[in-house]
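J.: Let the sequences and hints guide you as you build the complete structure.
Just so you know, the sequences run in chain order A and B. Counting the first sequence from 1 gives a position; this note's numbering is that position plus 13. Counting the second sequence from 1 gives a position; this note's numbering is that position plus 13.
Since the hints were derived computationally from the structure, they do not count as laboratory data. Any given hint might turn out to be false.
Which copy is meant is left open, because identical chains are indistinguishable; a pair holds if it fits in one copy or across any two.
[To be verified] Subject to a maximum C-alpha distance of 30 Å in a straight line, what follows is the list of computed DSSO-like cross-link-like pairs (lysine-lysine):
hint, residue 1, residue 2
1, K129, K251
2, K180, K206
3, K129, K180
4, K81, K161
5, K206, K129
6, K174, K161
7, K161, K263
8, K251, K161
9, K81, K206
10, K161, K58
11, K206, K174
Protein chains: 2
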Amino acid sequence: TAMASCGWARAVRGLLLDVSGVLYDSGADGGVPIAGSAEAVRRIKASGLKLQLCTNETQATRENFVRKLRGLGFDVSVAEVTAPAPAACRLLRERGLRPHLLVHDDLLPEFAEVDKTNPNCVVLGDAAENFTYANLNEAFRVLIGMEKPVLISLGKGRYYKETDGLKLDVGAYMKALEYACDVQAEVVGKPSKSFFESALAELGVPPEQAIMIGDDIVSDVGGAQQCGMRALQVRTGKYRPSDENHPQVKPDAYVNNLAEAVDIILQHL
Amino acid sequence: TAMASCGWARAVRGLLLDVSGVLYDSGADGGVPIAGSAEAVRRIKASGLKLQLCTNETQATRENFVRKLRGLGFDVSVAEVTAPAPAACRLLRERGLRPHLLVHDDLLPEFAEVDKTNPNCVVLGDAAENFTYANLNEAFRVLIGMEKPVLISLGKGRYYKETDGLKLDVGAYMKALEYACDVQAEVVGKPSKSFFESALAELGVPPEQAIMIGDDIVSDVGGAQQCGMRALQVRTGKYRPSDENHPQVKPDAYVNNLAEAVDIILQHL
Numbered sequence: 014t015a016m017a018s019c020g021w022a023r024a025v026r027g028l029l030l031d032v033s034g035v036l037y038d039s040g041a042d043g044g045v046p047i048a049g050s051a052e053a054v055r056r057i058k059a060s061g062l063k064l065q066l067c068t069n070e071t072q073a074t075r076e077n078f079v080r081k082l083r084g085l086g087f088d089v090s091v092a093e094v095t096a097p098a099p100a101a102c103r104l105l106r107e108r109g110l111r112p113h114l115l116v117h118d119d120l121l122p123e124f125a126e127v128d129k130t131n132p133n134c135v136v137l138g139d140a141a142e143n144f145t146y147a148n149l150n151e152a153f154r155v156l157i158g159m160e161k162p163v164l165i166s167l168g169k170g171r172y173y174k175e176t177d178g179l180k181l182d183v184g185a186y187m188k189a190l191e192y193a194c195d196v197q198a199e200v201v202g203k204p205s206k207s208f209f210e211s212a213l214a215e216l217g218v219p220p221e222q223a224i225m226i227g228d229d230i231v232s233d234v235g236g237a238q239q240c241g242m243r244a245l246q247v248r249t250g251k252y253r254p255s256d257e258n259h260p261q262v263k264p265d266a267y268v269n270n271l272a273e274a275v276d277i278i279l280q281h282l
Numbered sequence: 014t015a016m017a018s019c020g021w022a023r024a025v026r027g028l029l030l031d032v033s034g035v036l037y038d039s040g041a042d043g044g045v046p047i048a049g050s051a052e053a054v055r056r057i058k059a060s061g062l063k064l065q066l067c068t069n070e071t072q073a074t075r076e077n078f079v080r081k082l083r084g085l086g087f088d089v090s091v092a093e094v095t096a097p098a099p100a101a102c103r104l105l106r107e108r109g110l111r112p113h114l115l116v117h118d119d120l121l122p123e124f125a126e127v128d129k130t131n132p133n134c135v136v137l138g139d140a141a142e143n144f145t146y147a148n149l150n151e152a153f154r155v156l157i158g159m160e161k162p163v164l165i166s167l168g169k170g171r172y173y174k175e176t177d178g179l180k181l182d183v184g185a186y187m188k189a190l191e192y193a194c195d196v197q198a199e200v201v202g203k204p205s206k207s208f209f210e211s212a213l214a215e216l217g218v219p220p221e222q223a224i225m226i227g228d229d230i231v232s233d234v235g236g237a238q239q240c241g242m243r244a245l246q247v248r249t250g251k252y253r254p255s256d257e258n259h260p261q262v263k264p265d266a267y268v269n270n271l272a273e274a275v276d277i278i279l280q281h282l
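T.: What follows is the structure, encoded as structure tokens:
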């Protein structure tokens with residue numbers, strides 16, 4: 014019966030890992046690693062399984078994000094991070110879009126190579142302190158001035174917790190601009206299908222041989238399953254017991270944490 | 014045939030008038046009166062018809078709003094203005110709600126008598142420069158901290174034009190908070206039915222004997238008709254010819270301006 018209940022762990026060649034809530038908990042002093050996760054990342058790599066981090070982080074470049082994770086003990090590289098900003102840059106190039114950016118200052122280097130003259134779209138990230146009345150009106154005017162407004166949102170989170178309290182996430186500002194301009198944003202980031210497909214392409218493994226591991230029942234688990242992947246929910250990070258009664262999404266399995274998931278997967282290689 | 018086409022003008026005892034776009038055009042230097050509108054207001058009063066202004070203005074107290082209108086030549090008093098803030102105050106009293114306010118500084122005196130300690134709802138107006146990142150996060154935290162969040166929005170406009178460009182209106186920020194808190198705002202102001210009912214109560218005339226006159230096909234005309242009133246659209250203010258093909262709303266008549274509407278109504282008294 015133990016073997017039967019772990020059927021989800023068979024025929025795996027690669028793992029997609031959410032970061033916040035799976036590898037570490039963000040917060041004061043840059044966050045703290047979740048027990049066993051750094052060791053779990055090392056074991057994945059030693060096993061020959063492929064690994065890619067799949068995150069909606071938009072308050073830092075991948076370089077700075079990876080620097081922080083390495084400082085917390087995680088053996089990861091920039092090439093192993095799939096994040097919304099680089100995916101958005103590819104989308105902009107493919108479609109000849111020139112963005113007006115409303116993003117965090119620390120994210121701007123990701124868009125250094127992008128033509129931003131005479132904008133024909135707006136790219137919205139978690140701009141935090143840059144979400145001023147003036148900046149929101151400016152982004153709105155750029156959008157409403159287009160014949161057909163194009164709004165690209167880096168994720169659509171509702172809110173998140175920081176050490177000084179809850180903060181509105183990018184999704185709230187996305188909804189404000191959607192309503193004002195009567196337009197539907199294109200979301201680049203989890204749970205969008207094309208974002209998971211990018212992550213799979215970078216992982217180099219087809220969906221049926223990949224497992225997503227995350228703490229968000231909708232964005233991580235639901236999104237990955239929509240792409241044909243198996244998906245596990247960890248009982249760390251933003252996990253709540255009520256997630257196990259979610260009306261729409263049911264993970265392939267629950268695991269207590271990343272370390273337990275890796276234990277089971279490695280036993281089935 | 015002239016008489017037949019004016020059937021809408023019979024058996025009228027009172028008029029509800031929208032203000033911006035009907036009495037005056039807002040803009041530089043406080044706005045300019047629309048030709049014939051000040052005289053039309055005088056003629057309404059001289060005829061014995063009852064009159065009430067029905068506005069979504071939330072950037073000033075009624076006192077200051079009326080002072081501006083009188084300066085533009087309109088013979089109106091504070092008691093003749095139905096505006097969202099006083100309606101919201103009544104609603105707060107009736108339901109024992111203590112608001113956290115995110116509104117324009119100039120509107121604050123309307124809430125002077127309201128208990129604002131230990132808030133159990135959020136009231137959102139067109140806060141303009143008060144729509145800061147910090148103030149939005151604070152309003153959000155108050156809301157999300159409630160067992161059952163109550164969000165009251167003074168109108169739900171998408172945007173408006175000022176002399177220095179387009180500005181996001183309160184509706185955009187309402188949508189941001191609705192999404193973040195997974196809650197539906199209660200709108201106090203046009204086109205809400207209870208707001209028109211308040212205006213009718215202040216007018217002292219039942220809906221079937223009242224006519225609403227406005228420039229907004231949805232908020233003025235559609236809202237009033239939902240309450241059983243007749244409603245005219247003026248071809249001034251934000252009126253556009255395309256309004257005459259609106260898929261859902263058809264006014265009882267179009268008039269070139271308030272003066273023409275009053276001409277016809279007075280002929281049928």
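J.: Could you run down the list of hints and mark each one as holding or not?
T.: Here's how the hints hold up against the structure:
1. Taking CA atoms no more than 30 Å apart as the test, K129 paired with K251 passes in neither setting, with 36 Å inside one copy and 33 Å between copies.
2. Taking the shortest alpha-carbon separations for K180 and K206, only the intra-copy value of 26 Å comes in at or below 30 Å, while the best inter-copy value is 34 Å.
3. Taking the shortest Cα distances, K129 and K180 sit within 30 Å of each other both inside one copy (28 Å) and across copies (23 Å).
4. Taking the closest pair of Cα atoms, K81 and K161 never come within 30 Å of each other, the shortest separation being 40 Å inside a single copy and 38 Å across copies.
5. In this homomeric assembly, K206 and K129 come within 30 Å of each other (Cα to Cα) only inside a single copy, at 26 Å, whereas the closest approach across copies is 45 Å.
6. Taking the shortest alpha-carbon separations for K174 and K161, only the inter-copy value of 20 Å comes in at or below 30 Å, while the best intra-copy value is 35 Å.
7. Proximity of K161 to K263 under the C-alpha cut-off of 30 Å is restricted to the inter-copy arrangement: shortest distance 27 Å between copies versus 38 Å within a copy.
8. Taking the closest pair of Cα atoms, K251 and K161 come within 30 Å of each other only across two copies (21 Å); inside a single copy the shortest separation is 37 Å, beyond that limit.
9. With identical chains, the CA atoms of K81 and K206 are at most 30 Å apart within one copy only, with a shortest distance of 28 Å there and 54 Å across copies.
10. In this homomeric assembly, K161 and K58 never come within 30 Å of each other (Cα to Cα): the closest approach is 46 Å inside a single copy and 46 Å across copies.
11. In this homomeric assembly, K206 and K174 come within 30 Å of each other (Cα to Cα) only inside a single copy, at 26 Å, whereas the closest approach across copies is 38 Å.
Figure legend: structure checked against the earlier numbered hints; hints not met, in rising order: 1, 4, 10.
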